[in-house]
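Student: Construct the entire structure; sequences and hints are all you get.
There are 2 protein chains.
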Amino acid sequence: MALEALKQAIEREGRAIGTEIVKVDGFLNHRIDVALAAEMGKAIHDAFADEQVDAVLTIEASGIAPAMMAAQAFGNVPLIYAKKGEPRNIGNDLYMAEVYSFTRKKIYPIEISRAYLHEGMRVVIVDDFLASGAAMEGLLSICRQARCEVVGIGICVEKGFQNGGRQLREQGYRVVSLAIVDAIRDGKIVLRED
Amino acid sequence: MALEALKQAIEREGRAIGTEIVKVDGFLNHRIDVALAAEMGKAIHDAFADEQVDAVLTIEASGIAPAMMAAQAFGNVPLIYAKKGEPRNIGNDLYMAEVYSFTRKKIYPIEISRAYLHEGMRVVIVDDFLASGAAMEGLLSICRQARCEVVGIGICVEKGFQNGGRQLREQGYRVVSLAIVDAIRDGKIVLRED
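If you read the sequences in order, they're chains A and B.
Quick note, the first sequence lines up with residues 1 to 194 if you use my numbering.
Quick note, the second sequence lines up with residues 1 to 194 if you use my numbering.
Hints are all accurate, no fakes.
Identical copies go unnamed one by one, so any copy, or any two together, can satisfy a pair.
Mimicking DSSO-like on lysine-lysine, the simulated pairs with C-alpha atoms at most 30 angstroms apart in a straight line are: (1) 188 with 42; (2) 106 with 84; (3) 84 with 105; (4) 84 with 42; (5) 105 with 188; (6) 84 with 23; (7) 7 with 23; (8) 188 with 106; (9) 7 with 188; (10) 23 with 188.
Honestly, the hints are just simulated from the structure, not real lab data.
Tutor: In structure tokens:
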């Protein structure tokens, strides 16, 4: 299910920092390659084309660009993004979860308005990265609270050397990652071959 | 330059809170109406179709969805979004500005990597809201630091009863707002007629 154009972009522009950080801010999460994002959205759609999908979910901020394109590919279903931080300006009637950020080394809340999720809604969750899976667990908790059905999880870049993807698959989720980084070795990003 | 579909969405789903807050989280900045976002992106493109545009800029998080669609309409130019908060994981070589948030009542930094902006680059700035213009001034400061040329500013919803839009136009910027809220009167959102 890997997306060749994404793997090429990672090989061309991705940078490894230390043994754990994969920086792809040149095309995925600071400056966005819009055509590549559209390809990613289409690939995520194609992976779950057999499913009826009512909405795409993600978390602000870096999930929004690929999730937008996935929502477009699913025929302009709504995109709902969880807000981070203390709730403000989106009302009080919220589903909430807590997420531990390894980058910031602290816990932050995420929330989605109850008005936009309802029982039986079939959703695909999209995010730019999957590493430990902490943010994804937060979104899944919100989906359980709302009794939504998570029909798929579409990830742009999975860090295969961390546990998030394995744990989600063991829980039975359909996880599709468009590129999987198996390791950072000698300062180089090692991508999984198909 | 108003976009009829956006005005209709505001009339149908927008909510006024107090005398200053316009909530459009049902279609613009929490749950996204993707088809409407594409129309907004196209309308922003059309407003500046006479300009050569090298990139679209915005600020995370709520600017990303409409800015993505504008970047697509401009022929898949890169979308660059400023990050909020203390810099992390995007390197040290940054343009920075400080923005006062009226919602959160505090100053926060925004930053864009120096690698992605360069002298003479022609950019359109897109955001979901324009009110006091504080966030926009931060982005404009970064553009001045980078010696980029701001050929246009595209806004989804301008609060015409606050000063941001007027000040930007007085400074000579081409500001295009797809809907302008002139007032909140008796709990109702009053939109400017074309």
